[in-house]
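Chain order of the listed sequences is A and B. Using the numbering used here, read the first sequence as starting at 216 and increasing by one per residue. Using the numbering used here, read the second sequence as starting at 255 and increasing by one per residue.
One or more of the hints may lead you astray.
Claimed, not checked - The calculated DSSO-like cross-link candidates involving lysine-lysine, where the alpha carbons are at most 27 angstroms apart (straight line), are:
(1) B:LYS478 / A:LYS285
(2) B:LYS484 / A:LYS344
(3) A:LYS304 / A:LYS285
(4) B:LYS478 / A:LYS344
(5) A:LYS342 / B:LYS471
(6) A:LYS285 / B:LYS471
(7) A:LYS233 / B:LYS494
(8) A:LYS344 / B:LYS471
(9) A:LYS342 / B:LYS484
(10) B:LYS484 / A:LYS300
(11) A:LYS342 / B:LYS478
(12) B:LYS471 / A:LYS300
(13) A:LYS344 / A:LYS306
(14) B:LYS453 / A:LYS344
What the hints assert, rightly or not - Calculated from the model, a selection of chain A residues having no Cβ within reach of chain B, i.e. all distances over 10 angstroms:
(15) GLU226
(16) CYS259
(17) ALA270
Unchecked claim - If you want the footprint, here are the derived chain A segments under chain B, 3+ residues with CB under 8 angstroms:
(18) 277-287
(19) 343-353
These aren't lab readings, by the way, just hints derived from the structure by calculation. Backbone N, C-alpha and C fix where the C-beta goes; we use that ideal spot for every residue, glycine too.
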Amino acid sequence: MSTKRRKDLFELMRNYFKDWETFADELLESARIERPSWDIESCCLEPLCNVFVSADEVVVTADLPNINLKSIRVEAIDTDTIEIKAGMKRKIRFHDFGITHREGELNSFRCQVNIPVPVDVKKMKTKFKRGILEVRIPRKKGYKIKVQ
Amino acid sequence: MKVSLSETIRIVERESIPSNAIMFHGLPDVGLVGLIATSYIISELNLAEIAYVDTDLMPPVIVLHDGLPHAPLRIFGNNRLLAVISEIAIPANSVHAIMRALTEWGKSKNVRMVLSIGGLPVENRQDLTEPKVFGAASHRELIRLLQEKKLEILREGYMVGPQALTMRYCAEKGILAIAFLAQSYYNYPDPEAAAAAIKEVAKIVDIKVDVSQLIQKGEEIRLKARDIMKRTQRELTEMKKSQEYDVPYVT
Numbered sequence: 216m217s218t219k220r221r222k223d224l225f226e227l228m229r230n231y232f233k234d235w236e237t238f239a240d241e242l243l244e245s246a247r248i249e250r251p252s253w254d255i256e257s258c259c260l261e262p263l264c265n266v267f268v269s270a271d272e273v274v275v276t277a278d279l280p281n282i283n284l285k286s287i288r289v290e291a292i293d294t295d296t297i298e299i300k301a302g303m304k305r306k307i308r309f310h311d312f313g314i315t316h317r318e319g320e321l322n323s324f325r326c327q328v329n330i331p332v333p334v335d336v337k338k339m340k341t342k343f344k345r346g347i348l349e350v351r352i353p354r355k356k357g358y359k360i361k362v363q
Numbered sequence: 255m256k257v258s259l260s261e262t263i264r265i266v267e268r269e270s271i272p273s274n275a276i277m278f279h280g281l282p283d284v285g286l287v288g289l290i291a292t293s294y295i296i297s298e299l300n301l302a303e304i305a306y307v308d309t310d311l312m313p314p315v316i317v318l319h320d321g322l323p324h325a326p327l328r329i330f331g332n333n334r335l336l337a338v339i340s341e342i343a344i345p346a347n348s349v350h351a352i353m354r355a356l357t358e359w360g361k362s363k364n365v366r367m368v369l370s371i372g373g374l375p376v377e378n379r380q381d382l383t384e385p386k387v388f389g390a391a392s393h394r395e396l397i398r399l400l401q402e403k404k405l406e407i408l409r410e411g412y413m414v415g416p417q418a419l420t421m422r423y424c425a426e427k428g429i430l431a432i433a434f435l436a437q438s439y440y441n442y443p444d445p446e447a448a449a450a451a452i453k454e455v456a457k458i459v460d461i462k463v464d465v466s467q468l469i470q471k472g473e474e475i476r477l478k479a480r481d482i483m484k485r486t487q488r489e490l491t492e493m494k495k496s497q498e499y500d501v502p503y504v505t
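The shape of chain B in the complex, shown without the other chains (with noise of 0.2 angstroms):
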């Protein structure tokens, strides 16, 4: 079954898509936290391929697994959860019209909330041993939602890419949704921040997700993602991302 959405974005289902789940983006970004959380969510939920993204927007590029090949913007799903990933970094100027259409699928699907799972640079990064996670969200609810639960909310100050496109359109539709930022590196992968991430995300929805292991394969993650961590970087300069270290001048 396939699901036109615009000329140019198609997204392709291969199972029946649950109605009112949860649903987590885990794109390319700072420290490749949202990838890294999702893909470990993914993996330990034990969450099958039922749709991938099928656009010309993203570079010719097939992903092989067992021989088999995949488009690299992918959703996973179970009965009551939705993840996206993609194995290959956005490239910025498609970057509106992936996160516009994953949206409008996403309330198509009647998603329950989206999770928008991130990094946030900071400088002293290798001086903290526990990042800590702010969140952002598109309804005054959900910043209550999150004050109970002890999560820092992230009051001011810029958003730049594929999170902060979630967050804006999925205010614009209606649809409820969080972001999850972990304190990490810009440029390095970084799974500690993505632990962290996950037990915050816990803390809001049903999944039982043991970090031990992400922590404990940290130093094999960074190696096998330093590829995608570069060319993201790449994507994250032409999206001028580091207007997150600026300070927004209306309060």
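This is chain A alone, in the form it adopts within the complex (with noise of 0.2 angstroms):
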């Protein structure tokens, strides 16, 4: 087989295998966002979350309207997993949002977080203002390279 052919060959099982990356990728996001952000077994809601990886840190945030502040709970469920959980003030009813052909009640926020990088999840941190839960988790620190 000449050179370039094989060439050819490589260059088409590389797209080949990031069509399939995306299309991987577009399912699962998909997958993540059609349903629904309630669970009215478990009576949970899922919280906005945002996931910020930096340098030193990784910062997750939520959106916690409506929640006993003693209720919060951020629980490290796995080593690039954590769990955050709060109680709400009050119960909310679908009948609240004006909604009235779905029954049920919410009374908490609930959801895990997947963090993307390697994380000391035993040194996290976190901080409630203005509605706002942020959990800062360092991350872990690999071998420095000499510079010449």
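Each chain sits in its own coordinate frame; assemble them with the hints.
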């Protein structure tokens, strides 16, 4: 097989895998969004969350309106996943939003957030201000390379 | 009465539209500032639904209110004000056509001025008790007006999304337009920022809107607006909204 043909074949495979990756990403994204943001069985509402990765730390924030401050729990359930839970000050029913075709009430927030880089969850720090929970987790340090 | 603007977008008028009105734009964007502020203005001033946008460029969605179907992208108004809001996120690939159609429609109605309300994402939003509001304008004389009213001008930087296109098309069509940008969260509904924006808007146009209820109902609004915020964030990512953080090379 000529070098050119071999190159074309690799290029083809690379594009094929890239297409699959894009498809998988889209599928994951749609699975994430195309479901309700509440779970009637556990009476939980999923809060809006954001993950920001900086050079030194990962900052996870969550919007937690109507919560009881003392009920906030942040727990590392794995080396790369944290769980945020908070009880509400008052229960919410769908009727409160004018929705009459659903039954049930929600009394807490709950979500699991995946941390995209290695972190030291034991050094996690939390802060709650103006209705927003902020969790700061230092990134794990790798090894240093000496610059000549 | 129907007004055809293009093959793909029609603005359907249900009532007669006033000429020479002030037109508010409050479409879903960062912190839903524009949507929250404009919806509040609509509710406080009892503006009636007078037109809606009919287009295949929006998802096949209707919104039910009191059991009756409504288009998600609607125009409210009275004899001197118009207000555009959308109850669903505007798809990134439809923003150009929709904003162009709304601007052309506004031009055909001789709108006196377009006031576009939005958010300006800041990282330290949690630390701000009173978000600052910045202004940008389509014409130089409006910049002077904003300065007279002590509004800080957004001098350099990028704007991305519906508000950016409102400014661009209004400038092109010779429509006076002001963008109000309140410091806000990026992806959390921000009623406080909306209240700050309304206060600044009230310095430019004569509207009497007490924002205390908006602040009081802040938690309720944040709960109700979660789903539209999530979908809006997805569209903002598609629009490359993060370019607003970039520093322009040519100044």
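Checked hints:
no.	hint	verdict
1	B:LYS478 / A:LYS285	23 angstroms, holds
2	B:LYS484 / A:LYS344	21 angstroms, holds
3	A:LYS304 / A:LYS285	10 angstroms, holds
4	B:LYS478 / A:LYS344	20 angstroms, holds
5	A:LYS342 / B:LYS471	23 angstroms, holds
6	A:LYS285 / B:LYS471	22 angstroms, holds
7	A:LYS233 / B:LYS494	21 angstroms, holds
8	A:LYS344 / B:LYS471	18 angstroms, holds
9	A:LYS342 / B:LYS484	23 angstroms, holds
10	B:LYS484 / A:LYS300	19 angstroms, holds
11	A:LYS342 / B:LYS478	24 angstroms, holds
12	B:LYS471 / A:LYS300	23 angstroms, holds
13	A:LYS344 / A:LYS306	21 angstroms, holds
14	B:LYS453 / A:LYS344	24 angstroms, holds
15	GLU226	28 angstroms, holds
16	CYS259	13 angstroms, holds
17	ALA270	15 angstroms, holds
18	277-287	holds (count 3)
19	343-353	holds (count 5)
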